[in-house]
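Protein chains in written order, with my numbering: chain A, 1 to 290; chain B, 1 to 289.
Errors might be hidden in some of the hints.
Claimed, not checked - Chain B residues, not near chain A, derived (Cβ > 12 Å throughout):
no.	residue
1	Leu50
2	Val116
3	Gln146
4	Phe149
5	Ala168
6	Pro235
Claimed, not checked - Below, a list of computed lysine-lysine pairs in the BS3-like style, where the Cα atoms sit at most 30 Å apart:
no.	chain 1	residue 1	chain 2	residue 2
7	B	Lys93	A	Lys183
8	A	Lys202	B	Lys3
9	B	Lys195	A	Lys183
Stated by the list, open to error - For each label pair, taking beta carbons as the anchor points, the in silico distance ranges come out as:
no.	chain 1	residue 1	chain 2	residue 2	range
10	B	Val32	A	Ala75	38 to 44 Å
11	A	Ile31	B	Thr134	42 to 48 Å
12	B	Thr134	A	Phe56	18 to 24 Å
13	B	Ala191	A	Ala271	36 to 42 Å
14	B	Arg54	A	Gln144	24 to 30 Å
15	A	Val236	B	Leu77	37 to 43 Å
Rather than coming from a laboratory, the hints here were simulated on the basis of the structure.
The structure displayed is predicted, hence computed values, not measured ones.
Idealized CB from N, CA, C, for every residue including glycine.
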Amino acid sequence: MTDATTDQLPGKLAPSGKNRRARTGVNTRAIVMGLYLIFLLLPIYWLLNMSLKTNFEILNSFTLWPLNLTLENYATILTDPAWYSGYINSLIYVVMNTVISLAVALPAAYAFSRYTFLGDKHLFFWLLTNRMAPPAVFALPFFQLYSSVGLFDTHIAVALAHCLFNVPLAVWILEGFMRGVPKEIDETAYIDGYSFPRFFVKIFMPLIASGIGVAAFFCFMFSWVELLLSRTLTTVDAKPIAAIMTRTQGAAGIDWGVLAAAGVLTIVPGALVIYFVRNYIAKGFALGRV
Amino acid sequence: MDKTPNQKAWFLVLPVLILVAFSAVIPLMTVVNYSVQDTFGNNEFFWAGLEWFRELLEDDRMWDALGRQLMFSGIILAIEVPLGILVALNMPKKGVWVSICLVLMSLPLLIPWNVVGTIWQIFGRVDIGLLGHTLAALGIDYNYTQDPFAAWVTVIVMDVWHWTSLVALLAYAGLQSIPDAYYQAAKIDQASRWKVFRYIELPKMAGVLMIAVLLRFMDSFMIYTEPFVVTGGGPGSTTTFLSIDLVKMALGQFDLGPAAAFSLMYFLVILLISWVFYTVMVNLDKRGT
Numbered sequence: 001m002t003d004a005t006t007d008q009l010p011g012k013l014a015p016s017g018k019n020r021r022a023r024t025g026v027n028t029r030a031i032v033m034g035l036y037l038i039f040l041l042l043p044i045y046w047l048l049n050m051s052l053k054t055n056f057e058i059l060n061s062f063t064l065w066p067l068n069l070t071l072e073n074y075a076t077i078l079t080d081p082a083w084y085s086g087y088i089n090s091l092i093y094v095v096m097n098t099v100i101s102l103a104v105a106l107p108a109a110y111a112f113s114r115y116t117f118l119g120d121k122h123l124f125f126w127l128l129t130n131r132m133a134p135p136a137v138f139a140l141p142f143f144q145l146y147s148s149v150g151l152f153d154t155h156i157a158v159a160l161a162h163c164l165f166n167v168p169l170a171v172w173i174l175e176g177f178m179r180g181v182p183k184e185i186d187e188t189a190y191i192d193g194y195s196f197p198r199f200f201v202k203i204f205m206p207l208i209a210s211g212i213g214v215a216a217f218f219c220f221m222f223s224w225v226e227l228l229l230s231r232t233l234t235t236v237d238a239k240p241i242a243a244i245m246t247r248t249q250g251a252a253g254i255d256w257g258v259l260a261a262a263g264v265l266t267i268v269p270g271a272l273v274i275y276f277v278r279n280y281i282a283k284g285f286a287l288g289r290v
Numbered sequence: 001m002d003k004t005p006n007q008k009a010w011f012l013v014l015p016v017l018i019l020v021a022f023s024a025v026i027p028l029m030t031v032v033n034y035s036v037q038d039t040f041g042n043n044e045f046f047w048a049g050l051e052w053f054r055e056l057l058e059d060d061r062m063w064d065a066l067g068r069q070l071m072f073s074g075i076i077l078a079i080e081v082p083l084g085i086l087v088a089l090n091m092p093k094k095g096v097w098v099s100i101c102l103v104l105m106s107l108p109l110l111i112p113w114n115v116v117g118t119i120w121q122i123f124g125r126v127d128i129g130l131l132g133h134t135l136a137a138l139g140i141d142y143n144y145t146q147d148p149f150a151a152w153v154t155v156i157v158m159d160v161w162h163w164t165s166l167v168a169l170l171a172y173a174g175l176q177s178i179p180d181a182y183y184q185a186a187k188i189d190q191a192s193r194w195k196v197f198r199y200i201e202l203p204k205m206a207g208v209l210m211i212a213v214l215l216r217f218m219d220s221f222m223i224y225t226e227p228f229v230v231t232g233g234g235p236g237s238t239t240t241f242l243s244i245d246l247v248k249m250a251l252g253q254f255d256l257g258p259a260a261a262f263s264l265m266y267f268l269v270i271l272l273i274s275w276v277f278y279t280v281m282v283n284l285d286k287r288g289t
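Modelling step: build the complete structure from the supplied sequences, incorporating the hints.
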């Protein structure tokens with residue numbers, strides 16, 4: 001319908017939408033966008049700037065860029081086990097959480113996208129309510145639950161706790177992507193004699209590969225940025241980098257340079273993978289509903 | 001798409017149910033349990049009925065925190081939604097700049113929340129931060145650890161910095177779905193820029209904007225880490241939001257009963273408001289398709 005109207009319009013009118021913008025808006029457009037990006041990047045630049053300075057320079061002179069460029073702060077973090085073990089711990093429970101979340105969410109999302117069953121709509125909303133639950137409410141009960149089953153201060157405890165908000169998220173995102181796959185494909189596969197597990201792994205999962213990627217990215221991300229639960233559930237062995245960072249205050253005051261370097265290093269994983277999901281990030285944040 | 005009725009689909013949902021029951025239902029029942037009991041240590045519990053809830057409703061501390069929380073969520077929604085729409089409308093149309101803008105805009109969303117706090121804690125400091133230093137050089141008295149107003153401004157600007165991109169990305173996704181023919185029709189009718197926005201772009205964005213508002217409301221209502229790192233809830237308790245207050249009560253003072261009652265009320269408030277948003281969202285969805 002819409003395509004037909006486009007075709008019927010006189011040719012000279014077709015690019016007019018763009019011309020209108022180009023005439024009146026290109027400059028304000030660039031200015032608004034530029035200002036916004038500067039607003040976003042300045043604080044990050046400042047953190048990077050500080051991470052490359054010595055503490056002496058940070059505290060005794062105010063410079064817009066490092067005068068004595070040093071990588072000492074990064075060296076401190078990458079050689080001290082008390083620091084870098086935090087990154088390893090974080091990565092371990094984040095990966096565990098992503099795998100668990102996807103493993104349980106995939107079949108559930110398939111059920112929600114293909115079938116109606118008793119209580120499906122209520123169940124779907126109930127899953128979402130877990131995304132609404134404030135982690136602060138769950139901090140104390142989680143602490144007691146995992147202590148009583150002997151999982152306190154283990155990676156799996158944090159991974160399971162983060163399932164609270166990541167499983168519903170994964171189900172929603174995957175359901176959104178699965179809705180886009182025509183049902184005829186399933187039916188054809190069954191007629192061809194595929195069993196459900198074989199069809200799911202061999203045919204269906206490759207079809208929604210991008211959806212799985214996006215869901216994995218969001219599980220990874222929300223587990224990576226969370227602090228309250230991971231800090232409550234760990235003391236030594238599984239302590240995440242985020243919790244280690246909150247205790248940089250030594251006898252000689254805060255070690256600003258190292259703190260800034262640790263901060264920069266936590267931004268790196270997200271920055272590396274974001275390029276791959278840039279076109280899907282809105283869909284992911286919208287819980288698969290764009 | 002037409003869905004097939006199939007009760008066996010329950011088996012596919014079962015793993016999620018078991019997992020969520022373990023990680024959500026059991027803890028929630030613990031909270032309910034504590035909220036109606038009193039303890040004097042030694043794992044001895046006594047039935048307290050609705051005592052804690054009554055005390056809580058008469059306690060100014062909770063009402064103050066709730067008031068601050070509502071004000072915070074209100075302010076950041078009022079800033080982030082219009083600003084996000086503005087940014088989305090000004091996104092480049094084509095070419096390599098689209099990718100660059102998308103990646104740069106998403107950057108704050110992927111930073112661990114306590115690092116967001118650290119960034120702004122440093123950025124706002126008068127001695128070593130760019131923002132604090134610049135403001136001081138301009139003669140503006142700004143100290144977020146002492147002055148409640150400065151603390152509020154810092155926390156709000158930080159949240160705007162952190163999450164406006166989310167609204168912008170969603171609004172941008174909504175704008176992308178508008179066919180070019182709509183703009184051409186508007187051009188033929190000689191519609192003004194405002195009318196194009198009001199009658200074409202805004203209605204088309206309504207669905208995603210509802211999601212944005214729902215997400216921003218939910219997350220800002222549970223905010224804990226960022227203001228905790230920057231202000232620690234201070235000066236005094238002027239930036240103590242609900243989560244900060246609750247953690248102080250539950251893990252700091254171990255007041256199990258009152259903290260549990262607080263938790264339940266808190267969860268119910270979020271659930272209620274979110275349910276309203278959700279219903280509106282689903283109805284918009286139905287009308288849209």
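Here is how each hint holds up against the structure:
no. : hint                            : result
1   : Leu50                           : holds, 19 Å
2   : Val116                          : violated, 8 Å
3   : Gln146                          : holds, 18 Å
4   : Phe149                          : holds, 20 Å
5   : Ala168                          : violated, 8 Å
6   : Pro235                          : holds, 19 Å
7   : B:Lys93 x A:Lys183              : violated, 34 Å
8   : A:Lys202 x B:Lys3               : holds, 22 Å
9   : B:Lys195 x A:Lys183             : violated, 40 Å
10  : B:Val32 x A:Ala75: 38 to 44 Å   : violated, 51 Å
11  : A:Ile31 x B:Thr134: 42 to 48 Å  : violated, 21 Å
12  : B:Thr134 x A:Phe56: 18 to 24 Å  : holds, 22 Å
13  : B:Ala191 x A:Ala271: 36 to 42 Å : holds, 41 Å
14  : B:Arg54 x A:Gln144: 24 to 30 Å  : holds, 25 Å
15  : A:Val236 x B:Leu77: 37 to 43 Å  : holds, 40 Å
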